[in-house]
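Enquirer: Listed below are the residues making up each chain.
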Amino acid sequence: MNTIDIVLLVAMTLAAVWSVMGRSLLKATIGLAVTSAILSILIFRLGSPLAAVFELSVCTGLITVVFVSTISLTKPLTHKDIIEMSKKRNRRFIYLPIILGLVAFALIRAGIPKGLIMSTGETVGNVTEVLWNMRQLDMFGQVILIIAGALGVVVLFAEAKDDAK
Amino acid sequence: MHILLIVIGLPIATGLAILSIPARTKGLREVLSILGMAANLVLVSTFFGKDIYLTLPWAGGGIDLSFRLYSFNSFILIAAAALGFLITLYSASSMYGKGYSRLFLAYILISFGLVNGALLSDNLIAMLFFWEGLLLTLFAMIAVGNKNAFRTATKAFIIVGVCDLVMMVGIALAGHISGTLSMSKMAVPMTGMGGLAFLFMMIGAISKAGSMPFHSWIPDAAIDAPLPFMALLPGALEKLMGIYFLTRISLDIFKLEMHSWASTLMMTVGAITILVAVLMALVQKNYKKLLSYHAISQVGYMVLGIGTMTPVGIVGGLFHMINNAMYKSCLFLTGGAVEKEAGTTDLDKLGGLGLKMPITFACFIITALSISGVPPFNGFFSKELVYDGALERGRIFYFAAVLGSFFTAASFLKLGHAAFLGKLDSRNSKVKEASWYMLIPMILIALSCVVFGIYNGLPIDRIIRPALGNAIHGGHSFAGFPKNMALVAGTVVVLIAALLNHLYGVKKTGKGLGAVDHIHNVPGLSWIYDKAERGYFDPYNIGRILVKAAALILSSLDKIIDFFFSNVVVWAADTTGLVIRKMHNGSHKMYIMWSLVATVIVIIFLMRTM
Amino acid sequence: MTPNNPSELLYVFGSFTILLLVAGFYCLVVTRSFLRAVIAIELLIKAVTLFFIAVGYITGKPALTQALVITVIVVEVVVVVIAGGIAISVFRKNDSLDITLLNKLKG
Amino acid sequence: MMPSLLILIPLFVIMAINLPKHTGRRLAFYLALALFATQMILAVFHQKLFLTNEAVGIDRFFRVDLSIDHLGVVALVCMGIVSISSLFVSRYMPLDESERFKFTNLLVIMSIGMCGIVMAKDIFSLYVFLEITAIASFILIAFKKDIGGLEGAFKYLVLSAIATVFMLLSIAAILLVSKDTSFAAITEALKVSGSQPVVIAAIAIFLCGLFIKGGIFPFHGWLPDAYESSPAPVSILLAGIVTKVAGVYTIMRITMLFGSSASINNVLLLLGTLSILVGAFAALGQDNFKRMLAYSSISQVGYIILGIGAGTPLGMAAAIFHFFNHAMFKSLLFVNAAALEKETGTVSMSKMGGLAERMPVTGTTSVIGILSAAGIPPLAGFWSKLLIIVALWQAGRYSYAAIAIFAGVVTLGYLLTMQRKVFFGKLSAGLDDVKEAGFGIVLPSVILASIVVLTGLLFPFIFQSFIIPVKELLQH
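Chains as they are written, first to last, in our numbering: chain A, 225 to 389; chain B, 3 to 612; chain C, 78 to 184; chain D, 7 to 482.
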């Protein structure tokens, strides 16, 4: 744990804020992808390589693709609209950095919480062993979820019949 | 069957028999009723003076059907039976052929059974049972009179009924305090609740006797009820029973002392009743109504007598009770004769009947003189004893009593003059003497008044003194001519004054009826008279007004409560619903904010209290 | 910042998670566009993943937290896909992705 | 045999439905029907069937931590009944063949999710199955892709995303103190360090997450919109069982897991009472039939939360009994709503009127549903509400009991106005050709109505066999 982590954390937060404040949706998606990339580096440094890989490939990759495809399916706003929209939006979002500053200030003042008794669990096996042996139910859940997701896509994206009607 | 049960059962049985006889048979009912009453008189007189006890288990818990015949109530039974027989004889003939005679005669007999029961019963609850029975026959007999008698019947029923309820509470209290309900064994101290019990029972007694302030049904009944009823109940029986019960509670159960608050209360009630009733009687223009007011005022003498708690006063009170029963019923009977012959009892329509109905007139004179307390008749002697007792206890009571006699005398002079003397009115020129069946009872009663007057030792020594026992009358006899000559002088002066007042009145107005107008028109007095005539002071009317007002208030209160529930509550529920529905304005931002704020609150709450 | 004990680590990662959460919630409440709301949800999930991994690292059971994080990521992907689907259907119906139009159901 | 069969069989059913292209589609309805029936049978006779606890057969390589107890049995039975009635109603909705097939699939996925929640012994797998149920309900709400449905789905998605974030944060915080995410490990860890601020915050956040899922007062924003806009069979499923299993059942599990301390009970009692009042008053003036039923659900769920909040075993038993009764009469009312919507084409009560003589069965069953909802003896609703109020009374919470009774009056109010507006009075215009709903809708409403009546009449028997064991469960 050293300064590089702090820097990464700050960078991630800035990326997040930029993605939220970003004028157009594309900028927001890119911001999200950047946050996700920084996060996966952090996860890697915190000793969970497999999770980092997952985060990188799925979050940065797949979700960004989904977003871009959704944006393309919906009518992109003309440049003029974006500028005019963004002026209105900024008035709303101007408060975000102020609030974040306040929260950060409060957290710094609060200082390190004392007296936290934490269980120092023994490191048991590696991830794959845990995943496949202890968390089998979750795996099963994920399978069902993916089936549900597929069905959802079929139902929601089914364009032809719906428009025809 | 025990002798006492026969005494109670026989009259009731004959009454029911009369009721069951088919209407077609002429005369059988009258004969049966007279025979019934005769049998009752014979039975009662056979065991005069004996001591007989009878106790039958009834409701348990101290309430049993226990009867006791001893000297006191046996003489009252005889008096009642004698008068009852004569009045039944009279009413059988006077009401012959009238539609309601069948019911009326039956009621007379049934009420006699109840009177015997009440007088004989030793257990207060048994007495109460018979006492309430009388309430029903009273209502029935008034209601049977004529069509609109029903209103007076209800009025009587309510007044007497309410007082009976009060008496019931008194009996319960006395029973609770003394632990037993039989009159002979009871002894209740006059302190605290005992005093209250006495007051309640006294109210019951004097309301039955018909004294003030529970009297207002009697004058109305005089007009609406059939005349024999007036002669029988308000005239005689009610007085007998009321005063009998008053003496029993004040002498046996509560044993009042001379100067206790109760006795002064009784004396004041007596005095007021005498004065107020006789003043009202003075101005009456109706023969029967005048007599009914006198009935009320005579009760005042008895209550005053007994209230003095002196031996002479008590004996005087009881003697007056018997005398009053006699001359009052006889006066009513003369009234009945006049009504039957002349068809009306309004004094201004009557006049000069003395020649046409000499015997009735003679009986009227005798009984009128005895009620006014003119020597040698019985009224004089009993009033003297009452005066003696009243004087002993306080001048004011004596003066009230004497003043009462003055007005009684004045009003009877007016009545006699207006009805029987003066010139004969053209309308009742064909009036002739009443039938013999009606005359015989009158004559007999009038003669008994004379006998009891002249030879007054018979009633006092042979009947009243043994009834009261030595403890009360201190051994010396009160019979014979009154010892205190000053009192006698006073009475004579009063009577003469009444006569002069009458003559002055007649001279001034020219006719008998106007004899007392000069008293009637005294400024202050006339205002009160008008109000009294219109019934302002009648407690019954005041009660009715109060009830109507209460009903009004309660119904308006009810309306307010209805309004509250049907409008206010419904409106509140709808508006709360509306407000809550408005809160859900559909924007997901609002819902998210609710959730976040609520989560923060829950976290803070749990962090602080966990 | 020298190598440090668990509570210090927790403090650092905890506060950054809180910052990210605040940003996410603020954007979720304030934004008008459907997709930006989904991005906000994604940000919240990123904060949670960070916290998960940090807890695993601090309490020394990285294997367990990794497994959980992987499941979370998979779950969230499905959620995003469904959200995308709904967004497109809304667009087809409303011709715009402005979620303030979605307030017909009220009262 | 083991509890996990309950979630494996549906998986095979999905495969059986989807793989063989045509036969699967036609058989989908009957297969699903058979699945739900077996589910109920397995749940009720689980002691006898799952005799051997040690791993046998499939269990050897699919070691999974699942178990059924009495609360679970009740939930599974309700699930079976409601899913079957929803399935029946879906056959008669204006859906073409393929849509109905997709609907059945989603229904089966939903039942897997709910079975997972009911049997989960691990807080993280509870989260995963909650997510499965949530995803399935998003798709189902937006099934017809009309703007109302989409709006309802969007609101539910956003709020349940927040709930997920809360739950995950709390699981992570608990992992700080606990060795593992299984219930046993957590109870152990909480005994040791239960009073640490971080852990308390975690508990609070988890509870709030579940409040959102259950639609309790301040968190209930999405519920009326989701129930109103979703297609008829979906609203039956959602109102009947999904919100209750995902929200109320999990709250029961969590309060038992975290130990029902006084302050948690206070929170539950307060929010429960507020839900009752807000739900009842909001439903008072509603014109939309389904939206009124949605608010009534919030109110009735408030009663269940009151039962849990009482903290005594009787309270919990009363809560689970009201859980069952509410599942029955609420789905009955929604089935009636479906029938009315199908026949009259509208959901607004002011347009309906005097339908009793045209739709006799729906009329009578809705009367039964209403009387049970209002808690009128001898129907089932009365007994469970009575038990809740008795539990509150014994726990010394007199004011809450009083408010609960008062709310009963308001409940009767809005239900009777509904009944008068819709069924009694004269037939309003334009509804002349209305006739009784088809067999598919009438059957479930009759089944549900008879269940409601029977539970009411056989209450003493049910009380012994069904509620007392639940109390023993909580003794240890």
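Since the hints were made in silico from the structure, they are not lab data. There's no promise every hint is true.
Claimed, not checked - Under the rule of at most 25 angstroms between Cα atoms (straight-line distance), these lysine-lysine pairs were calculated in the BS3-like manner:
1. Lys434/B with Lys312/A
2. Lys27/D with Lys197/D
3. Lys432/D with Lys357/D
4. Lys591/B with Lys181/C
5. Lys311/A with Lys591/B
Enquirer: Against this structure, judge whether each hint is valid.
Expert: Hints, one by one, checked against the model:
{"no.": "1", "hint": "Lys434/B with Lys312/A", "result": "violated (126 angstroms)"}
{"no.": "2", "hint": "Lys27/D with Lys197/D", "result": "violated (54 angstroms)"}
{"no.": "3", "hint": "Lys432/D with Lys357/D", "result": "holds (12 angstroms)"}
{"no.": "4", "hint": "Lys591/B with Lys181/C", "result": "holds (14 angstroms)"}
{"no.": "5", "hint": "Lys311/A with Lys591/B", "result": "holds (21 angstroms)"}
In terms of the numbered hints stated before, the structure departs from hints 1 and 2, listed from lowest to highest.
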